[in-house]
Structures are given as C-alpha cells and as structure tokens.
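Trainee: Listed here are the chains, written in short residue letters.
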Amino acid sequence: MEIPYIVTPRKDTGLINSKIAIWLFLASEVMLFGGFFSAYVYLRMGADYPWPERTLPVLPGLINTFVLIGSSVTVVFAWAALKMREWRKFQIYMGITVACAALFMVLKGVEYNVKFHHQAVRLDDYSVVEGHLGYELKEGADAHHPNADDYVKDHNGDKIEENMIRVKVEKLTFATKRYYAEWVDEMLSEADHANAKITLEADIEATTTEGGKMKVIAKKGEPLSLDLLKKLKDVQLAALKHNAALRTQNLREQWVVAKDANPGKQGWEISDDVSINMDDITPLMLSEVPSATFVVNPPTEFLFKPRDIREAEGSSRLRDDTVVVGELEESPMVFHNVDAVDFQWLVMKAEEKGISPEAAIENSWLMKNNAFVREIWAWHLKRNEAKQKDLNEQYGFKEDENGKPTETPDRVLTHKELYRIGWKEFRDYGEETKGVEVSAVAGLKEEFMGPNYKARGAETFPELSLPREEIRHAAKFSPAWNTYYAIYFTITGLHGLHVIGGALVLAYYLFFGRKMYLENPEWLANRVEVGGLFWHFVDLIWIFAFPILYLM
Amino acid sequence: MSANAASHDSSHDHHDDHGDHHHNPGFIQKYIFSTDHKTIGIQYGITAMLFLAFGFYLMMVMRWSIAYPHQPLPEWMSFLFTDTWKARWLLDGKVTGETYNMFGAMHGTIMVFLGIVPLGFGAFGNYVTPLQIGAVDMAFPKLNMLSYWIYFVGGVIMCASFFMESGAAKSGWTNYSPLAGFADGQIVNQWLAGQTQWLIGLVCLITSSLLGSVNFITTIINLRARGMTWMRLPFFVWAMLVTGFLLLLAFPPLEAAGIMQLMDRVAHSSFFMPSGLYTSAEGLADLSGGGSPLLFQHLFWFLGHPEVYVLLLPAIACVAEIIPVNTRKPLWGYKSMVYSVLILGFLSFIVWAHHMYMTGMGSAVSTFFQTTTVLISIPSVIIITAMLISLWGGSIRFTMPMLWACAFIPMFGIGGLTGLPLAFNLVGLHLHDTYYVIGHFHYVVAPGILFGLFAGVYHWYPKMTGRYMSNFLGHLHFWPSLVCMNIIFFPMLIQGMAGFHRRWYNGGDAYLAKAADSTDVFGNVVRDYIDLNIIMSMGAWALALAQIPFVINLFIAWKAGKKVESDNPWDATTLEWSTPTPPGHGNFTYDVAVYRGPYEYSRPDCDKDYFPQWEAPKKPVEEPADAPSVANTNDHH
Amino acid sequence: MADSIEAIQKSKKTYILVFLALLVGTVLTVLVAEAPTWATWLQWMDVGEHGFDKYDAILGLLIATTKATLVAYYFMHLNHEKKAVYWIFGSGIVFVLWMAFLLALAYRSPINDYLFYK
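Chains as they are written, first to last, in the numbering used here: chain A, 11 to 562; chain B, 227 to 863; chain C, 8 to 125.
None of these hints come from the bench; they were simulated from the model. Incorrect hints may appear among the rest.
As the list claims (entries may be wrong) - Within a straight-line C-alpha distance of at most 25 angstroms, the following computed SDA-like cross-link-like pairs (lysine to any residue) qualify:
{"no.": "1", "chain 1": "A", "residue 1": "K243", "chain 2": "B", "residue 2": "W417"}
{"no.": "2", "chain 1": "A", "residue 1": "K187", "chain 2": "A", "residue 2": "K99"}
{"no.": "3", "chain 1": "A", "residue 1": "K21", "chain 2": "C", "residue 2": "E88"}
{"no.": "4", "chain 1": "C", "residue 1": "K17", "chain 2": "A", "residue 2": "G24"}
{"no.": "5", "chain 1": "A", "residue 1": "K275", "chain 2": "B", "residue 2": "L317"}
{"no.": "6", "chain 1": "A", "residue 1": "K21", "chain 2": "C", "residue 2": "N86"}
{"no.": "7", "chain 1": "A", "residue 1": "K99", "chain 2": "C", "residue 2": "E13"}
{"no.": "8", "chain 1": "A", "residue 1": "K269", "chain 2": "B", "residue 2": "A768"}
Stated by the list, open to error - Computed footprint of chain B on chain C, listed as stretches where at least three residues anywhere in the stretch have a Cβ under 8 angstroms from a Cβ of chain B:
{"no.": "9", "stretch": "70-78"}
{"no.": "10", "stretch": "85-99"}
Quick reminder that beta carbons are idealized off the backbone N, C-alpha and C, glycines included.
The shape of chain A in the complex, shown without the other chains:
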C-alpha cells in the first residue's frame, strides 16, 4: 500500500500532502501564539501595577533578530540549492542555519541566566528594590570581591543565599499522613551537620489490631528516621481504613433502622436523627496516630526557603503540615548589591489615595531607613529637573486657545523617568559623584548582561538589608515577579522550544539527508521546504515578539 502525493503534487490541488499538513499546522500555531499575544494585550490593558516598559536590554534581542533573519535566508537558499541539485551548497547553507539556531539559543540562555540571578522585592509600602542577593559570607570577608572560601557553607556544602528563613528548632511535629520525605531527609542531614539529635518526644501508644490492647509502637527517644515515619504512616492509614469501614457499616445499619421507623419520609427529612452509634464500634476501632512530635536536642538553627514555610512567632508550619516549634530568628533579605529603586508603584498607590507622590516617597521605609537611597534620590531629583528644562527648551510649552504659550510644558517626564532610579542612574551617580570608572569593554558588556557589580563596587551598588516583615512579595526576575515577566518567559520560552524543535529537524536533513538525496533528491527538497516553512514561521513569531516584548 502506498500513500499517494508524497513527492508529486496532486493535479487538482497542486499540493503534496506534507505541504498541506505544514500549513495546517502553522495555522494552528498562529492560533497558539495568537492566544499568547492576546493574553499579553489583555494583561497589559488590565494591569493594576506600573507595567515595566522597555525593561529588557535591547541589544541581545536585536542581535537575536539579526541571527534569526539570517537563518531564515540561509534556509531558503539551502532549499534552492537542493532544487538545483547542489549538495555542497545545501550543506553550507543548512550548516549556517543550524549554527544560527544554536547561537540564538545561547544568547537566549545568557539572557535568561541574568534574570534568574537578579532579585526583586516589593515592600509593604509598594516601593520596589532590585538587585543582586548575595550569599552568606564569613565574618570580615569583602562583600564585593569574595574568595571561594569566604562563603559560609550549609550542610550540603552549598553557599547560602541571604534569603532564608532561620528557625532555632526545638520541636518538630510531623503529620504522619503527608510528611514530605525529601524535607525530612534534609532536616536529618542539617541536624547531623550541627551535631544535634532528633528524637521522639514521648512514647506512642496505639491499638493496631481489632479489639487488641494499647501497646507502645514507638519508644520515647527513638531517633527520627524515614523508616519510623513510614511505620507510623502505615499504622495511621491502617487505622483510618479500618475505622472508616466500621463507621460506614454502622451508618448504613442506622439508616436502615431509621427508614423503617419513618416510612414515607425522604432522607433529608430524617437525616438529623441518624448518626453512628459510637458505643457499638468504639471497642473495635484502631487508634489513629495523626502526628508524631520529635525533640531537637540541642535546639538547632534550620534554614527554610520562604515559600516552604509560613512563619509565625513560636510555631511555624511547613507546606507539608509539619509544625516547627522554635524561636524565629532574624531572617532579613540581604542585597549585596542594590541596582534599582523604583517608586512608580508607590506613587500609583499614593495618587489613588490622593497623596502627593513626593510626600509618599519621603515617607517610604527606604527613604527613612537608608542613607544611600536618600542621597541618590536627591541626586535623581536634580537630574530630572535638568531633564525637564531640556524638554522645555526643545518642545516649549503648551499653547492656549489664542496660540500663546502657557505655563504647562508641552512635554513632561514620564512616570518611569520621574520615579524609577534604574541601574543606569546608579551607574551615572557612581561615575559623577564618586568617580567610579570602568573600561569601555566592561561598559559594553553591561549593555548585554546588566550591571557589573564587581567592577563598580559598593560605591555604585550598595548593600541593603531588608527586614522580613517589610517584604510583601519577592522573587527573582522570573515568571513569579509579575505578569510581564510571566508572559515574556512564556512566549520566548515556547518560541525557544520551537527553535530547538525546528533546528533538530533541519539538522536531521543536514546530517542524515545524504541517503535520501541520492535516492530521491526531489523528496528531500520537499521535506526541506516543509521544514523551512516551519523555520520561517518561527522567525515570523520573533519578528512580532521582539518589538512587543523588548521595545514596548
């Protein structure tokens, strides 16, 4: 059996099968990316926070656009070469295409990597701080030029990011049904590292057979282990299962009795009078062990990721329902390098309430508690004044109905210019007031990779410690930071997957196409054309993604 029209087009439609299929697929892809771009429009229209306009470095995006356009041309040349039966040329053009794809992904990877190491925090008063979280350093180490052995290491020998919740744990109570084994392992290892013991607080007694006697199933002082928890979990589940069956059976019987006693009545009319007869089943029930409490001796400092723990004074709770009893220690989030302070959101909220932006900024936690922020804010105000003057000179003032200029400038600074001190302002501030200098190459690299903390040091990008209770929301520059980054990562990530997929197919034709070329060059040309169509489409998406995500 042969499927027709694989190589030669059908006469009336003029098309081969795969060409129809790829165009159908592309139509579907249009809808998929259309969905994302519509989501972008929708989210931006409905954003209730200052949308981060032009927040990405343009240079990497621009270079990537060139790379992708270039590869689009070479793939069409590769197809043309096949059509002319020039295998060598095909190899060259296709090779360039695949190399371009690789380059694109490398640049994308660099771009992503920078973002995943860049922290942002929104404080309770809606001011935003951005920068680089450091790792915990030993006493006396240079925060900006640390050596490898300056870092404090945790029990796994890893550096500790200065964004952990610290609890001096005295007791741990695990929910036997749903403790998370990986975390238990982690705690055991942490305790081991600190030479602490985690042992059972008291004997656990339970009836494990129907009608049996209470007996001790775990002794006081038994060390915490996954096996022990597993044993308790089994006891708990067995008890739940047994008791539920007993209760269900008894309730069914009660219902039969109740229905006989109330003929002609519906269930919901008599349900209040029907209940399980506990006297009947209590002697048969197994005892449940819903939790097990362990003592940490001596009390030891454990580190928790902020998202895993709901901290509270005295007793905190992990996401797997483990209760952590112990003193909550100071767990500030420490920026080793702050590179942006953003009051746009705070101003937006202030304006909603009718407070003047300047007053709101003066009252913000940052302005009250950090000298550097006060200094750079004063510098920023002065600079903005000069900028506005420039604008006035360039554009003049608005005109009234008689054509005479009024007091209102025609052009005013945007909110972003007014209320955000970005890393470039930090850079200029450092250069102007403190004489920090870097080489031209380092300066260009900054356009690509963002601020260079090492070269510019604490004078430009100072340290800042934020107490935990001031923090409303914190994240890396990841999808979690805001909806802009969410849609940026989703569109570019999905686009990246398409690039990888397309490049794999094209690379397959490049490296394994020779046999098919010798047998049936037209077939290979058709396939390359179809693969190329997909490749152009990937380019097409990027043509829209670049201005929308990088420039808008």
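For this one, chain A is given, so just place chains B and C on it according to the hints.
Mentor: Same frame as chain A, now just chains B and C:
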C-alpha cells in the same frame, strides 16, 4: 490490498521496502501499534467507550450524593474504591463536597475530552472518512497512530491523579482560575498534584487532536479518489472536515491557557491571579497578582464553544448517513446542509462569551455575543430540518441504526431549543449556573450526540466485523435508554427554573436547611422540587442497566452475530460499502473511481432503486475538472 | 512553487533584497523606539525618548507586520502558492485577529473602566 499494491508495483519502479513489512505484521503491529486507520479507529472507539463508562460511573456517585445526601454510598456502588481510598475521600461512606467536586470535574472532563470527542471524531472519523473518500489510508498513518497513543497517555495521566495524595482535579471541567490556581496548593511537589496532572493531560489531548485534525484535513483535501469532487463528498466527510478545522484552530488558545495555568502552578506566575488574593487557608497569597481570571475564561471558552460542535458534528454526520440509507431517499437539501455546516463552523468561533454573561465583561461585548449566538441557531436548525424533511415520504426501514437516528432528531431538538433562551443575557441572570443549563447541554450531549453515535455503531458494525448486531438486544438497549434519558434530564430543566444551583453536592438539602430560617421564597420553591432528585437518580441507575445489553451485544455479535449477506448489507451508496468486509489493509481491492453524488436513492432509472457512487454510468460522462485523471492517482515517489 | 531552475535563480536575488529589507526594518524599529529625540517634526508621533507608548507603537507594529508579510510572501512562497494554502492559513489569521479584537473589546465596558481606570 494485494491487488492494489500489485497494480502499483507494475507501474512504478519505486522503493517498496518500507511498504513490505506491512504485508505480514505481527500481533503488536497489527492490533496495538497499528498504522491502519481502521484499527486505530476501533482502538479509539474501545478506549473512548471505556472512558465513557468510567465517566458514567462518576456521575452515578454524584447522583447518589444529590438524591441521598446524608446516606453512605451503597456497597454496590463503592466496590470500585479500595478501603484506603474510601477512608481518604468519603466521610463515613458519604460523599463529601470535595469528593463531589472532584467527581464533577472529572465527569465533565472525561465525558467531553476523553469520551465523546475520541468516539465521534477519533473512532468514526478515522474508520469511515478514508473509506468514504476512497483513500487507501490516512495521509500520515504514523501520525495517526501517534495521535491515538498521545490521547491514551493523556487520558491515563488524568485518571491516574485519582490515586494521588491530592486526588484528581476539583475545579470543574472548566478549571477556572483562581480556584484552580489555588487548588492542591498544599502539595509540596506541584507536578504531582491532580490539578497539574489535569493540565498535563490536557496538553497531551490537545497535541493528539492537533495531529489528528492535520491528518484528517490533509486526507480529505488530497486523498479523495478519482471523481470524488467536493460536492460528491458524503455529508459525513464534510462534517469531519469542519470538525477538523474546529479542532485545529480552537484548541490552541486553550493550550495557551493551559500552559499559562501550568506556569501559575509550577512557576508561581500570576497570569490568572488578581492582586490581593486572600484565602482562609493560605492567608494573603504569596503571588505578584495583576493577572486576570477573565482571561482564562475567554481563552477556555474560545475552545469551549467550538468544542460543542466538535462533539456534535460527528453525531450529526452519522445520522445524516443513516437517514438516506434507511429512507431510501436522497438527503434533502444536501447543498444547503453543506453550506450550513461550514457557516456553523465559522460562527462557532465567535459565540464563545455567551458562557460568560455573568462575569461582568461589559454590555457592548454581551450584545455582540448575544447576536452571534442567536445567529448560530440558524444553520443548526437548517441541518436538523433538512434531516427531518428527509424522512418525509420515504419508505422508512426501522432498522436499529435508524431507530437511534430517529430518536436523535427530537432529543437534539429539545437540547437545541432549550438553548435558545440561554442566548440572552437577561435570561442568563436567572438561569446561569442552574440545573436548566445542565439539562440543556446534557440533552444535546447525552440523548442527542450519544444517540447519534450509537446509531453509527449499529450502522457500521457490519462493515467492521462482517456481522450484524442483535436486533433483540438492540431494542432492549434503545427503548429503556430513550425513556431513562428523559427521566434524568427533563426534570433538570424544571429544577433549574426553580433555581437549583448546578454545584449543590447535596441536591439542595443544605440550601433548604438555611432557607428554613428565613422567609426566602426561593427556598420554598426548592422544597417543591427537591423530590425530583430521587426520580432522576433512579433514572440514572436504570440507564446504567440499559447499557448492559449493548455491551453484551457488542461482544457477542463480534463472534456470533448474524453474518452479512454481502459487502453492502444496507444497500448504501457511499464508498465504504464497496470494500471487502471487513476491509483489509489498503481498503479497496479495485481502482476506485466515483461517478455520482453520494445519495442517489430511489432512482427510477435503476433496477435496484439506488446508484452507488462507484458504479459507472451506462454511457460515459465527462470527467469533472477538479479531479485528477486516472493517470496520476497512482503517482508517488 | 518556483520549480524551474531559472525561476529559482531569479528568486535568489529577491531573497537577498528581502533579507536586506528585513535588516533595515529591524534597525528602523529600534530607532523608532530607542533613538533620542532627533526630529521635532515627528514629535506628534512620540518617536524615541519614551519607547513605544503612542503612535510610535503603531508604527513599530506596522514595520513588524511589513517584515512578517515579506517573510511570508517571499520566503514562504506565498507569492505563488495554491488556493488551498491561502484558505488554510487565512482561516488561522482571520480567527486570531477576531480573538484578539474581541478580547480587547471585552475591556471596553463601563464596569471595567470603573475598576481599572479609576
């Protein structure tokens, strides 16, 4: 098959080595990883029916909870669960609200995505379409196989989540955020939460249907037999073409929404999470906020509405094939039906927000969608009317398939007509989220679409197996089903108008208890109609019993049914009846050519009252311009 | 499909021209969004300085659309393609525009104005 291949071999010096191993495929290749569209169709059919049975079972548990809210599940209904599972999800044997939500969400998901779409589009589409257009197979047989297996994996992933710590998804089959975004938040590894598994399963299903629809459309465009011009396509094929386009273009926005919700769950983004979300369990959510729950609804219903027609069109397609065969009359208004189905497909993309009148999306948009929604009823009514008129004056043979097809028309009619009031947003104020809506769309889907598909099973079964299904068991299946369906769904319309909310897990009992304290008129109305719950649930048990004859019939007839007398047992005109029974790999044993339209019945100039499409006319007719000539149908590499 | 050798030879030149046009278009997009205010006569369009936030956004997207059209028309051979392909791809474009338009329209309502612009 062999004859076909031989004719190719003689005319071409092509490389047939990859075709050769199809000649003697092993068991696995023949029945499990088959690339034959007929085997894949049957695989789809069996899998989908299993999912349908499972979804039906979930519904029975829900109906118990509604009718007997305080009583433990009876043993005959809870035998499927293990004791541990029961201890986790039932409270003293009673269905809890959480479990009810889980079953409700999965009932909807399974029935729509895993049951009816695969049965209608996957099974019938796969089996019948290539046969009807005279193709050897689908254009991409391997993609076809892949499509089935991705569907299977997606379904398994979704159902496996029942046994996870979190249980399966619980936020309705619509999976609205922020409810769905928060659900299962207590699970540490979010990849293992039921709600996440639902999304992963959905992405699998969308991928599967994307591959399927690309394949279908390509096949229909490019693999039609010689002489099979567009207006000679059976209506079935037209419906499949439109269904393919709906799947192709409507699913991706849902995929986008699914990916975004997945991001919300595992990457903690806030696509659909508004600012300042606060829950009693979590406190102020640790999220950036700024997202839009409405966005999810828009993207969901952008799929959701075309999806209704994805469900419906295959059923209409089956019925439209069965009616002309059994009335021995041409399908009335074939052309207007074709144009209607095309317009229906187009309109179905621009009506989606009528599911969202109550979201406060704004009067301008509401008015727009109200208008398009009313418009879309026109093509549907044309199709149904054409089928009804097709019965007029025919000498109807009441075979099993015809009985189902005849029942389809009024049942679907009720479903459609009860939908008309819902098109208006003012009426939506009262009826939104009530049992009226449930009754409406179940009338479309259960006695409507399912009856259409049952008709298809009885109709094409002889072609698939070479044996008829038993008429006796068929009647035992049909009549109780017809009665029970109405017992279940008609009271829903009444209850809905009385204000019964669709998500009451206890059938209104809790509402009644609250209403007893107040003079609320609404509560009193609920008291008047709450008894209907029990009747409806009884109907559901009876409906379950009524399916037993069908299952028996399906298996017994496979081996012991009455054998067909010829390859064309119904005296039908379309091409699938010109193949051997059952058709072999490659389908046709002769060089297929089509000489006439699909429904040439009751032809006075014919000695046997019908002209099959493949029968050459006595005197030669001109070759139509848009079909390839004989010489290049056999063209390949 | 440009099938004959001569046709392909000829279209190679076109491909180079399109490539150059795409490069220019990209640079132009960035200039429109990024460049300092270099032309006061364009100020109504708000070119430069503040990025895409006014008519320059429309201009930027127009350039992008032009580039996309060039790619689709020449590289993807839509300049000489069969009818079926136009129907297929066209349906995708039409519905996606519909969706974007209606989604945007969904915001134009008194309720949302109140919530988001007050």
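Trainee: So, for every hint listed, does it hold in this structure?
Mentor: Now for the hints, and whether the structure bears them out:
| no. | hint | in the structure |
| --- | --- | --- |
| 1 | K243(A) to W417(B) | holds, 23 angstroms |
| 2 | K187(A) to K99(A) | violated, 65 angstroms |
| 3 | K21(A) to E88(C) | holds, 14 angstroms |
| 4 | K17(C) to G24(A) | holds, 22 angstroms |
| 5 | K275(A) to L317(B) | holds, 23 angstroms |
| 6 | K21(A) to N86(C) | holds, 19 angstroms |
| 7 | K99(A) to E13(C) | holds, 17 angstroms |
| 8 | K269(A) to A768(B) | holds, 23 angstroms |
| 9 | 70-78 | violated (count 0) |
| 10 | 85-99 | holds (count 4) |
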